[in-house]
Amino acid sequence: MATYEEIYGKRVEVLDADPTLTSAYEGQVWYNSTTGTLKSVVSFSAWSSVAGQNNAYPQSYGGGTTDAGWICGGYSPGPTKQNRTEEFNGTGWSAGGNLNTARVDIMAAGLQTAGVAAMGDNSPDSPRTMTNTEEYNGASWTNVNAAPGGMFENCGSCCGTEPAYMAVGGRSGPPQSRQTTTMEYDGTNWSTAGAYPAALGGIYVSGTQTAAIGSCGEPPPPAPAAVNTSAEYNGASWTAVSTSPITRRSGGRSGTQTAALFFGGSPGTPAGTATLTYDGTTFATDPASLANPMGGQASSTNSPGTTAWSCNPNQVVEEYNKSINTITAAAWAAGTASNTGRYIASGVGSNTAAVVYGGVYNPGTSLKNETEEWNGTSWSEQSNLGTARFGIGQGIGTQTAALAYGGYTTTIVSSVEEYNGASWTAGTSMPAANRIQGGFGTQTAGVSAAGQGSPGKWTNSYEYNGASWTTATAYPTAVEQMAGCGTETAGLISGGGADPGLVSTQNHYNGASWTAGGALLTALAYQNNNGTQTSCQIIGGGTPSYTTAVSTYDGTAVSTSPSLATARGYGRGTTTSGAVTGAIVTCGSIPPQPSSNTSEEFTAATEAATAKTLTTS
Amino acid sequence: MAHFIYGVATNTGKGFFTAEDRRAFFLRGYPGNVWMVGNNVNGAMWLAEKNGVEKTKAEAQALIDVEVEAAQAAWDAMSDEEKAMTPRPSDVTLP
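If you read the protein sequences in the order shown, they are chains A and B. Just so we're aligned: the first sequence equals residues 1 to 617 in our numbering. Just so we're aligned: the second sequence equals residues 1001 to 1095 in our numbering.
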């Protein structure tokens, strides 16, 4: 009998304790002499949640891989056809280039830099069937030759990438009956290829233009709502193969003909959550299921059979990984409530050492001087501000060296107080009265940007060195109620309210001047910024309605991040930790409460190799 | 199958929903202690464990509407200074 070493090239080891695990340990078997257990590192599959897309657009489809995916088109409420594209980077979504032609049910597949968006549905306009074809280069869409026919209501029925893309089946018309048509696109021209064995819509199609697998689908009425038949394509014709153990239609797919993944779909459960693998011969049920039922969803098209993403129109996205690592997704959870309900407060610090101060409570318009510290576990009351006020400038300092600058009492004020972790003392007043400024930096190297002075919003900005204020370069826009983070020489200000309306702009400060940064996903104010200029978490806020949305900024571009459970404006707490560490937000407005004391805490994602105990069976 | 179930439950603070819950099912809170929960086993169990009372989508929407209208009335009664610093609560429509 062959030994384990002869088969896998690794000898079974005897160790006192489990080793520090890395990918090099995959397949390694060891006996833990302390616990008396035989262990190994083996790959396993799992779905994990990731940040939802920025827009909830039903019937938007896309493709790509788990670290470079995309979706396009779809309906927004109305229904209004959309031309929006969103790009997925493995953790979140950001805005991409717009389609030239808005539509839904697009036959979308291909790499993010070589994507194809073909055909689709023109409903509620006529005729429904569209033949438009566009190519995506990762930044913009280009119109190319139209398809020889149209397809819609055909989720998941295309594969490949430019210049070797294909689409199968679907509805076309009038009379809008199911089709057997296979269409191929070579980067310039379209051709019609071998017919699929049955007229179906919503076939799960995975692979390439010369080696694809099609499975399941929806036959024309009054036939059953779905079938489980399958066929392989060799570039010229389809050949029936084994049937799928689950009958369904219109789901997600990824991989190749010999390592395909099929997941979710309709109707019902298990169709909506089950994952199947296909190895070129047989289907098998994967142990991992989607946590959230998905049907008619967008998915990756070009990932290998070990990874995939699936997203439904409700901004629910899950990612599949088969590896030795346990992936624990980032998430917001209900946190420990602070003691004082309020909003338009200020706060600074890290996820384990933050301080929140000032604000106002409504109803009743009760100004707050309370100061509360967060130690990573609980909130505790500290010495009060000398002057109760709200609209204090945001984001300068730390828990042991915070700054309360400006604000509103019965009028806009210029007064400053400094906190040392125990008590507040008077600081040097600002050169002018102002409130609801953005800010960043420390108590001895801080920047106050724009805000509301007298009269109204202005661009005035100031630097504070712990003893005196000096006039800084004016902020590019007269804006208020924005948020900032970072340092005096690498600061960031995001969004805010201008005249008229909110803005999506972000600006970087280098200690001397302002330059434009990447735009927010939407115009935003009243949010909390947490992190640095190149790793910032933008939490909640208003658009102007308060939102659950959270995004991250890497110094260049903004992408979505796991959302709060409850929409919150003026949340305050962490300003210096960033998305990779953790966060807490408390207070603020949570409609219908204008002055909440509830909190949410953020736990960052982790990924770690995991040992499995081997047992006999 | 519907993507969501709707219910009313009182947020009791830390532990009311955990990071594990957020990974296991979709969850979003709305005015009136209304929660929209992903329609899977984990979501349904969470609502039950929180002594939540399941509502139809229409019932949940009605509860939200009442709360939003009250919040809008409260905002309308605010001083101009405060109105300038916070948006008027907008209507909320369950997806």
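For the record, the hints were derived by calculation from the structure and aren't laboratory data. Note that CB positions come from ideal geometry on N, CA and C, so glycine has one too. Take these hints with a grain of salt, some might be off.
To be clear about the criterion: a stretch of chain A counts as covered by chain B if any three or more of its residues have a C-beta under 8 angstroms from a C-beta of chain B, and this derived list gives those stretches [claimed, not checked]:
#1 459-469
#2 562-576
Chain A regions said to be covered by chain B (calculated; three or more residues, Cβ under 8 angstroms) [as the list claims (entries may be wrong)]:
#3 165-175
#4 212-218
#5 351-363
#6 508-520
For the chain B half of the interface with chain A, some residues (derived, Cβ under 7 angstroms), not all of them [stated by the list, open to error]:
#7 F1017
#8 F1026
#9 P1031
#10 K1083
#11 M1085
#12 P1087
Now the hints, each set against the structure:
no.: 1; hint: 459-469; result: violated (count 0)
no.: 2; hint: 562-576; result: holds (count 7)
no.: 3; hint: 165-175; result: violated (count 0)
no.: 4; hint: 212-218; result: violated (count 0)
no.: 5; hint: 351-363; result: holds (count 3)
no.: 6; hint: 508-520; result: violated (count 0)
no.: 7; hint: F1017; result: holds (5 angstroms)
no.: 8; hint: F1026; result: holds (5 angstroms)
no.: 9; hint: P1031; result: holds (5 angstroms)
no.: 10; hint: K1083; result: violated (11 angstroms)
no.: 11; hint: M1085; result: holds (6 angstroms)
no.: 12; hint: P1087; result: holds (4 angstroms)
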